[in-house]
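Sequence order for the protein chains is A and B. Here the first sequence stands for residues 1 to 275, numbered as in the numbering used here. Here the second sequence stands for residues 1 to 161, numbered as in the numbering used here.
Among the hints, a few may not be true.
Just the calculated beta-carbon pair ranges, DEER-fashion [stated by the list, open to error]: (1) B:147 - A:240: 28 to 36 Å; (2) A:49 - B:130: 25 to 33 Å; (3) B:118 - A:258: 52 to 60 Å.
Just so you have them, the derived chain B footprint on chain A, three or more residues with Cβ under 8 Å [unchecked claim]: (4) 7–18; (5) 208–221.
Far from chain B, some chain A residues (derived; all Cβ distances over 12 Å) [said to hold, decoys possible]: (6) 162; (7) 228; (8) 232; (9) 246; (10) 251; (11) 268.
Treat the hints as calculated values from the structure; they're not laboratory data. Even for Gly, the Cβ is constructed at its ideal location relative to N, Cα and C.
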Amino acid sequence: MPSSGLEVVRIVNDPDSSLADLRRAVEHDPSLTTNILRLANSAYFGRAGEIGTLQDAVVRLGMRRILHLVIGSAVAPLAQPPIRGYDMPAGSLLRHSVATAVASEELAHRLNREPPDQCFTAGLLHDLGKILLGTYLEIDAAPIRALAYEQGVSFQDAEQRVLGLNHAEVGALLLEQWNLPAPIVGAVRWHHEPDAAPDEQSFATDLVHVANEIARMSGTADGADGFNYMPSAGAISRLGMTERIVEQVVSSVLSHLNELSDLFAQTAGVDRNGS
Amino acid sequence: MRCVQITVGISEMKVSDKADDVLVTYSLGSCVGLALHDPARGVGGLIHCMLPLSRIDPAKAKANPMMFTDTGVPQLIQTVLDMGAVRKRLVAKVAGAAAPLQDNGVFKIGERNYVVLRKILWKNDILIASEEVGGTAARTMYLEIGTGKTRIRSGGVEKEL
Chain A
1 MPSSGLEVVR
11 IVNDPDSSLA
21 DLRRAVEHDP
31 SLTTNILRLA
41 NSAYFGRAGE
51 IGTLQDAVVR
61 LGMRRILHLV
71 IGSAVAPLAQ
81 PPIRGYDMPA
91 GSLLRHSVAT
101 AVASEELAHR
111 LNREPPDQCF
121 TAGLLHDLGK
131 ILLGTYLEID
141 AAPIRALAYE
151 QGVSFQDAEQ
161 RVLGLNHAEV
171 GALLLEQWNL
181 PAPIVGAVRW
191 HHEPDAAPDE
201 QSFATDLVHV
211 ANEIARMSGT
221 ADGADGFNYM
231 PSAGAISRLG
241 MTERIVEQVV
251 SSVLSHLNEL
261 SDLFAQTAGV
271 DRNGS
Chain B
1 MRCVQITVGI
11 SEMKVSDKAD
21 DVLVTYSLGS
31 CVGLALHDPA
41 RGVGGLIHCM
51 LPLSRIDPAK
61 AKANPMMFTD
71 TGVPQLIQTV
81 LDMGAVRKRL
91 VAKVAGAAAP
101 LQDNGVFKIG
111 ERNYVVLRKI
121 LWKNDILIAS
131 EEVGGTAART
141 MYLEIGTGKT
151 RIRSGGVEKE
161 L
């Protein structure tokens, strides 16, 4: 993560910090400032074309939303390239990550609940471990796939058996290194095993868990793992999920997904037609 | 022959009567892909529908009927017929409708997409020539307009449907 991003994380974690501290940390980094303004002016963040300066963005979107944008623009360049170990073409993981972030907030709204601060960011970051395993370590997915598809083992359990760890765990370890707030780290760590999350992190983790499935159903199921995961009956029951809610969220994800994927891809230096 | 690959996005439909065109749709998970082709007329189309029934969101269905199987598939059929295809010659091939492991009921979009698709094809007197549906793997589907050949790519392996 760029140093300005780490500084923003430190400020957001510090209860004594102010919006002015946040603005100062961001304005030192011109590309981060540009990215924040671009995202702040998206329809999804609700301020289409209205925000002209960083000061406006910080005041009108608030500290937590700015953190989402900072983390999003830090992660987009990592999530945009192909993830060879997971057989994902360029842009595919970024699109899935954005879809999960959007679906987690949409889902909370459909359930008439306020989305917890951390669910958008945790949605964006939930598969960070795949970038490490699939790009930097370039794991061989063949034995994991064989275990998953031939023996009906969920993909993250197959990773655990073959590699000794799974992508959720790896992602959470990296986020801890970056000093991200514990609720974000927790939602990433337990996104495939929400029943294991501590009680205070349960709602956000359940949202990210179900949003991850909804994101796949919104046309972002590329990759070696496909749908080879086990939805948690506990999360489904705690949230009060129904088939109808799933379909409503799927139908609302696509329009935001196209807008935000393009914007995040631009922050990764990829234009609309490139990949 | 130089082939021209045309991408069919999620909730989109593309049709063609150019022999060089190859229609392709990626990321077929629980969505359904339907390829229709009239070999004698050399016309075909591919659709990628995300949700089974438009009544879940009528405003979105009006703005983009291709998002839903019940509104998108009739449009694909009508469009290829308008381009000169003959109903009884239409070859229909289907892929997608995947689902998570041990689905407990709320994630049945794939199965429902497939059921609605079959019903619409049956009502339109169109038989499914071949299909690859269900399971947990994501798929990519190709339709070659010149030959009508339909290919499926999944898990790095490609095969003809």
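Hint-by-hint comparison with the structure:
no. : hint                      : result
1   : B:147 - A:240: 28 to 36 Å : violated, 50 Å
2   : A:49 - B:130: 25 to 33 Å  : violated, 49 Å
3   : B:118 - A:258: 52 to 60 Å : violated, 29 Å
4   : 7–18                      : violated (count 0)
5   : 208–221                   : holds (count 7)
6   : 162                       : holds, 16 Å
7   : 228                       : violated, 4 Å
8   : 232                       : violated, 9 Å
9   : 246                       : violated, 5 Å
10  : 251                       : violated, 4 Å
11  : 268                       : holds, 19 Å
Of the numbered hints listed earlier, those contradicted by the structure are 1, 2, 3, 4, 7, 8, 9, 10.
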